[in-house]
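Keeping the supplied structure of chain A fixed, place chain B upon it in accordance with the hints.
Protein chains in written order, with the working numbering: chain A, 1 to 215; chain B, 1001 to 1215.
Careful, some of the hints might be misleading.
In silico DSS-like cross-links for lysine-lysine, where the CA-CA straight-line distance does not exceed 27 Å [to be verified]:
1. B:Lys1014 with A:Lys5
2. A:Lys198 with A:Lys209
3. A:Lys124 with B:Lys1014
4. B:Lys1133 with A:Lys209
5. A:Lys133 with B:Lys1209
6. A:Lys133 with B:Lys1198
To be clear, the hints were calculated from the coordinates, so they are not data collected in a lab.
Here is what each chain is made of, one letter per residue.
Number of protein chains: 2
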Amino acid sequence: MINTKTYFSHTDLKGMEQRYRAAFINSLGGFKSVNLVGTKNKAGQTNLAIFNSIVHIGANPPLIGLVVRPDSAERHTLENILETSFYTLNHLNEDIYEKAHQTSARYPRELSEFEAVGLTEDYKNDFFAPFVKESTIQMGIELRERIDFSINGTIFLIGEIKQVYYPAESLQADGFLDLEVAQSVTCSGLDSYHRTQKLGRLSYAKPDKWPDSLK
Amino acid sequence: MINTKTYFSHTDLKGMEQRYRAAFINSLGGFKSVNLVGTKNKAGQTNLAIFNSIVHIGANPPLIGLVVRPDSAERHTLENILETSFYTLNHLNEDIYEKAHQTSARYPRELSEFEAVGLTEDYKNDFFAPFVKESTIQMGIELRERIDFSINGTIFLIGEIKQVYYPAESLQADGFLDLEVAQSVTCSGLDSYHRTQKLGRLSYAKPDKWPDSLK
Chain A
1 MINTKTYFSH
11 TDLKGMEQRY
21 RAAFINSLGG
31 FKSVNLVGTK
41 NKAGQTNLAI
51 FNSIVHIGAN
61 PPLIGLVVRP
71 DSAERHTLEN
81 ILETSFYTLN
91 HLNEDIYEKA
101 HQTSARYPRE
111 LSEFEAVGLT
121 EDYKNDFFAP
131 FVKESTIQMG
141 IELRERIDFS
151 INGTIFLIGE
161 IKQVYYPAES
171 LQADGFLDLE
181 VAQSVTCSGL
191 DSYHRTQKLG
201 RLSYAKPDKW
211 PDSLK
Chain B
1001 MINTKTYFSH
1011 TDLKGMEQRY
1021 RAAFINSLGG
1031 FKSVNLVGTK
1041 NKAGQTNLAI
1051 FNSIVHIGAN
1061 PPLIGLVVRP
1071 DSAERHTLEN
1081 ILETSFYTLN
1091 HLNEDIYEKA
1101 HQTSARYPRE
1111 LSEFEAVGLT
1121 EDYKNDFFAP
1131 FVKESTIQMG
1141 IELRERIDFS
1151 INGTIFLIGE
1161 IKQVYYPAES
1171 LQADGFLDLE
1181 VAQSVTCSGL
1191 DSYHRTQKLG
1201 RLSYAKPDKW
1211 PDSLK
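Chain A on its own, in the form it takes in the complex:
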C-alpha cells in the first residue's frame, strides 16, 4: 500500500490556477454517482445533461438530491425542472458513457442533447420527462424542495423518486440492487469513467462482532 503523502495547505488550494483547482477539488470526494438528467419544457423541447453531484437523502419518502450550477451547461436542466417539476435520472453504462459526457457541451437551447449525442427519448407510464432508453436503471423524479446555497450560488434540488425501472436480474432478495449486473459505471474528477469490481457485501455492523461477508 502506497502511504507516503504530499500536502496541500489552504493557501496552496487558494493559489491554484482555476482549471487545475477544479480538476483537483472535483477528484477529492471519491468516486461519484453519475447520472443523465432528462427534462422537457412546457413547449415540448427536451434536454439531457450529465450530473455527478447526486446524493441519497432518504428512503422513506424516497428522496434524492442534486447540486446544480446555474451558470453552466446545467442551466437548461434547471429551468426545465423549475418549470415542470419533473425530471429523470438515468445510469451510465459502458455503451453510453462517451455520449453521456458529450451532453456537457454547450449546445444551443433549441437542439436537444438527445439528438445531438445520439441517445433515445423514452416515455412511459405517463411520466412527463423523457427517460434515456439506452440506460439500464432509470428513475422518474418529482421536485419536492429547492435550497439555494448562498455560500457559492449553487442550487440543491431534492426530488422524490416516483418510478423506477431496473433489470430484474440486478435485484437481490433483500432489496439490494446489484449495479454491476446492471453494468452501471462510476466517475471521478471531471472526466474519468470507471467500471467496478465487487470486493464484497458486509453484514449489518454490531458492536460485539466483526462483519461477515454476504453472498
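Showing chain B alone in chain A's frame:
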C-alpha cells in the same frame, strides 16, 4: 447489454418493507463517494464514522457537502462537528474497508471507533480533528454552513477543505487525482464495496467535436 426492465411504481416503493426499501433506495443513485469522518470533542474524545452521502459543492472556495442522519450512529459525529467546527474526510481502500464498515456499529459514546475497529489517529499541521493514518487521501475540513432539510429531518453540512494529503504518484499534471493509484474504493447500497478499473478520461466536451480519450 441487458435492457429489459422491471418497474416499481410510487405505490410499490411506498409499500415496501422498511429494510427492503432502505436497501433498494440506497442502491439507486449509483456508486457513491465513501469516506471515514474523523472528529474530536472539546473533552478530547474522538469518533470515527463511515459516510457515503458526500457530494462536491464547489472548487472555489473548495467546498464539500455531507448528509447526516441525526437519529443514527452518525449523531456523535454531528455533535462533535457542531461543537468544534472541524472534521476530517478519509478515503477507504481495500486494506481498511471492513474496519471502516464496522465503525457504523452503535458503540457507546466513551469508546472511540478508532480503538474499537483498529484504525490509527493521525494529527498533523495543527489540525484539531484526527485523520485516519491508514487512509491514502485525507482532507481537513472546517464547517461553513448547516442546512436542515425539513422534508425528512436530515442535516446537510457544507465544509471548506483546508488541508489535503495525497500520494504524490496519484496527482496528474492537470490537477486530476488518480484515485486508482491511491487505491481508493467506492461503495453501493448500504454495504457493498468495490474497486474500480478505469475506462478512460475524456476531453472537455465541445458542441462541434466528439470527445477524445485523454492519457
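Now the hints, each set against the structure:
Taking the CA atoms of lysine 1014 of chain B and lysine 5 of chain A, the gap is about 47 Å. The hint is violated against a cut of 27 Å. Under the criterion of a C-alpha separation no larger than 27 Å, the hint pairing lysine 198 of chain A with lysine 209 of chain A is consistent with the structure, at around 23 Å. A distance of roughly 20 Å separates the Cα atoms of lysine 124 of chain A and lysine 1014 of chain B; the hinted pair therefore holds under the 27 Å criterion. Straight-line distance between C-alpha atoms of lysine 1133 of chain B and lysine 209 of chain A comes to about 23 Å, which keeps the hinted pair within the 27 Å bound.
Restraint check for lysine 133 of chain A and lysine 1209 of chain B: the C-alpha separation of about 23 Å stays at or below 27 Å, so the hint holds. A hinted pair counts as satisfied when its Cα atoms are at most 27 Å apart, and lysine 133 of chain A with lysine 1198 of chain B qualifies at roughly 25 Å.
Violation of the numbered hints given earlier is confined to hint 1; every other hint is satisfied by the structure.
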